[in-house]
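K.L.:
Given next are the chains, with one letter for each unit.
2 protein chains.
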Amino acid sequence: MAKLKGRGAIAQSGGPTRVINHSLVGAILEAYNHEDTITELWGSLQGPEGFINQEFIDLYKQDRVNLLRVARTPGAALSSSRKKIGNGEKQIPPEQFAEVLMKKQIRFFFYIGGGDSADNALTVKKICQDNKYDIKVFHIPKTIDNDLLENDHTPGYGSAARFVTSAFIGDDRDNFSLRGVKINVIMGRNAGWLTAASYLARKQEGYAPHLIYVPERSLTLDKFLSDVESAYKKFGRAVVAVSEGIRDADGVLWAKKIAEVEETDSHNNIQLSGTGTLGDFLANNVRAILKISRVRADTLGYLQRSYAGDYSDQDAKEAGDAGREAVKLAVSDMQSGSVTIRRKEDVIGYDYELGVVPLENVAREIRPLEAKYISEEGNDIKPEFDDYARPLLGKGMPEIAILDMIMVK
Amino acid sequence: MAKLKGRGAIAQSGGPTRVINHSLVGAILEAYNHEDTITELWGSLQGPEGFINQEFIDLYKQDRVNLLRVARTPGAALSSSRKKIGNGEKQIPPEQFAEVLMKKQIRFFFYIGGGDSADNALTVKKICQDNKYDIKVFHIPKTIDNDLLENDHTPGYGSAARFVTSAFIGDDRDNFSLRGVKINVIMGRNAGWLTAASYLARKQEGYAPHLIYVPERSLTLDKFLSDVESAYKKFGRAVVAVSEGIRDADGVLWAKKIAEVEETDSHNNIQLSGTGTLGDFLANNVRAILKISRVRADTLGYLQRSYAGDYSDQDAKEAGDAGREAVKLAVSDMQSGSVTIRRKEDVIGYDYELGVVPLENVAREIRPLEAKYISEEGNDIKPEFDDYARPLLGKGMPEIAILDMIMVK
Chain S
162 MAKLKGRGAI AQSGGPTRVI NHSLVGAILE AYNHEDTITE LWGSLQGPEG FINQEFIDLY
222 KQDRVNLLRV ARTPGAALSS SRKKIGNGEK QIPPEQFAEV LMKKQIRFFF YIGGGDSADN
282 ALTVKKICQD NKYDIKVFHI PKTIDNDLLE NDHTPGYGSA ARFVTSAFIG DDRDNFSLRG
342 VKINVIMGRN AGWLTAASYL ARKQEGYAPH LIYVPERSLT LDKFLSDVES AYKKFGRAVV
402 AVSEGIRDAD GVLWAKKIAE VEETDSHNNI QLSGTGTLGD FLANNVRAIL KISRVRADTL
462 GYLQRSYAGD YSDQDAKEAG DAGREAVKLA VSDMQSGSVT IRRKEDVIGY DYELGVVPLE
522 NVAREIRPLE AKYISEEGND IKPEFDDYAR PLLGKGMPEI AILDMIMVK
Chain E
162 MAKLKGRGAI AQSGGPTRVI NHSLVGAILE AYNHEDTITE LWGSLQGPEG FINQEFIDLY
222 KQDRVNLLRV ARTPGAALSS SRKKIGNGEK QIPPEQFAEV LMKKQIRFFF YIGGGDSADN
282 ALTVKKICQD NKYDIKVFHI PKTIDNDLLE NDHTPGYGSA ARFVTSAFIG DDRDNFSLRG
342 VKINVIMGRN AGWLTAASYL ARKQEGYAPH LIYVPERSLT LDKFLSDVES AYKKFGRAVV
402 AVSEGIRDAD GVLWAKKIAE VEETDSHNNI QLSGTGTLGD FLANNVRAIL KISRVRADTL
462 GYLQRSYAGD YSDQDAKEAG DAGREAVKLA VSDMQSGSVT IRRKEDVIGY DYELGVVPLE
522 NVAREIRPLE AKYISEEGND IKPEFDDYAR PLLGKGMPEI AILDMIMVK
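Here the protein sequences line up with chains S and E, keeping their order.
When we follow the numbering used here, the leftmost residue of the first sequence carries the number 162, and every step to the right adds one.
When we follow the numbering used here, the leftmost residue of the second sequence carries the number 162, and every step to the right adds one.
Looking at chain S on its own, in the form it has when it is part of the complex (with noise of 0.2 Å):
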């Protein structure tokens, strides 16, 4: 079979993350290394939207240092779309996707996205299989969330990550300056790997956050006012993680319950970020019911995965690496697969490396937080995590300190 070559395009696919450009730009690096083969390379603007409405601009026509600039950018580049590719309403009918494809003559696809992305890929590939159509199919992984099957970490999570941290240092000292309790409402629909990043903020015990509660564990309303009355007690003040996806003890989300409007997207989830609602429902009920004077909220928002002052570096190098591995595997002998990133074992420290997968491993299923690293009460990280964790964050944290605290007598 003579080698495949031809068109390529890329999306960016779902929420940016602080990273996302990384991947592109290594996608498109790699590419040039390999003009023979991938002749073309086109950039579909907002996701897979770009492919209907055949609009692509030419990324073999990018100034390198340019490039260079666009990796360090937060956003997607390329701008993204939240339609999924599908049958449902609002969502792009695969069969359309693919005759874009092969009217285009597009023999590589490349996708940068969480784990529906990996699935609308994988259909696209079977319809072009079933028409006989050669393409080869990669999925670059993306998500703040972390929580794709078959990866150690995703890219986007560690500079997530990192800002949480960040954030959480901050406003532990904070609260320690004015005191009360404080609520923090983290990103994380379904997995709680991004408000267990807070944990990297305690020093140690007394230091913020007080208590972390994840989606993987149910929560009553009784037992948070319970535990925020016993820290409060134990520290004379409580700083709280909170995932936007934490649920009540029958399942259903906090944020549903309470939330006064039901925006829905094409993934028929509801939304949970870009409010505050569920941050000022947790600091209602502590200020109502327990009558502590000074209760905050705040909910991180969107600087999780967009803030421009900061990233990290470990992550943006592994974002960029994992865009390249998928162009290097698609001039390779392989027809279509997903770019992983798992954790070397028996090294000392902390190094990755890249793998590949098939399309159906990555797809549909997430990955939720690992049960070990979760404390046995349910409100809290073990400190495993921190081993796990750390290396994601990059270099260059901040130190703090306090003062000695010798008392004048």
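Mixed in with the good hints, there may be bad ones.
One copy or any two copies: either way a pair holds, since identical chains are not told apart in the list.
Straight-line alpha carbon distances no greater than 30 Å define the calculated BS3-like cross-link-like pairs of lysine-lysine that follow [claimed, not checked]:
hint: 1; residue 1: Lys166; residue 2: Lys293
hint: 2; residue 1: Lys418; residue 2: Lys251
hint: 3; residue 1: Lys489; residue 2: Lys265
hint: 4; residue 1: Lys570; residue 2: Lys293
hint: 5; residue 1: Lys533; residue 2: Lys418
hint: 6; residue 1: Lys287; residue 2: Lys570
hint: 7; residue 1: Lys570; residue 2: Lys222
hint: 8; residue 1: Lys478; residue 2: Lys364
hint: 9; residue 1: Lys264; residue 2: Lys570
FYI, nobody ran anything at the bench for these hints, they're computed from the structure.
Using the hints provided, position chain E relative to the given structure of chain S.
P.N.:
This is chain E only, laid out in the frame that chain S set:
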């Protein structure tokens, strides 16, 4: 008259800033140079409350290397308080406060805080004078609100402005990725300086923020909605910067009008920060009335003053210098005053100089965002503001880049 010598005391008051400990440590390190005059230096825990509770730590017994780390740590290292020295409810009676100063033979009182703190320092000074008790009282400025009279800008502002700018740089690219309307609520009860910092994120027309609202201009909901609609039509998206202190046409805080819970502090200010209510209210209106589907609101919250992962080196330097200056003034012939920061004129580039003014001059009144920086229509900031604020952000601001939009034919 013999030169005053004896015990010194220092406190941090009000909301902390990212660099408030630079001022504290600057003062401590400078005091070390004058141990013959300032024979001891006590740090009051919890702002003015430490005097009443007689909780002081010994600042001459601190490790110097640790102090440099403390300087870089967010939050108030001595801890702080919102309590005012005054005769209102929940306040600390000035006579009681002055009595402690006299009883403990404190001859140098340094107060790090905003305009309220300068006012409090003045009250205390007067009581001591009435009692013929010799004491030197110096106010060291800090406020992220940047609203202190007599100053070009205030320690704490540069770092908060840097955070806001970096947040909008990233959020601009996030909103570019997925479009829709994004509303970000920014701290600043009475002055728009911090909200105006969002303007520095706008690289050129079309970049976020597309609209900026400060407390200095009243804003009706109708005007807000019509502005958002226009921006959304023009740019296909809209990122909006809104001060938490925006007021309706009748001069009443929007936050007050919509707050479900009106928690008040001892200054009788209603709670503006630590709740998502204002952002959610605006977002719900945009969604319901303008029928725009993707509408999000983030309240940037306490990260603006406490985020550990970044700060302005310029701000840190000036904060440290202001702390040192207060001590230098105290060991000079001066009796009292508030340290000021002014911009040097007739120099190439940015430079600043420290000065001192009577406490009266910075007490009570605030300095609103100057009218020359606000657009005629009251929904934007003028380019001149860039010249003012850019140098305060410090070195190493993130630079972003976009792809060349060379469309495939």
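K.L.:
Run every hint past the structure and note whether it holds.
P.N.:
For each hint, the structure was consulted:
1. Lys166 to Lys293: within (16 Å within a copy, 93 Å between copies)
2. Lys418 to Lys251: within (25 Å within a copy, 37 Å between copies)
3. Lys489 to Lys265: Answer is within; shortest intra-copy Cα gap is 22 Å, inter-copy 74 Å.
4. Lys570 to Lys293: Between copies, since 27 Å is at most 30 Å while 86 Å is not.
5. Lys533 to Lys418: within (29 Å within a copy, 47 Å between copies)
6. Lys287 to Lys570: Between. Shortest inter-copy distance 28 Å satisfies the 30 Å Cα cut-off; intra-copy 78 Å does not.
7. Lys570 to Lys222: between (72 Å within a copy, 13 Å between copies)
8. Lys478 to Lys364: Cα proximity of Lys478 and Lys364: in one copy and across copies (27 Å, 27 Å).
9. Lys264 to Lys570: between (84 Å within a copy, 14 Å between copies)
Checked against the numbered hints listed earlier, the structure breaks none of them; every hint is satisfied.
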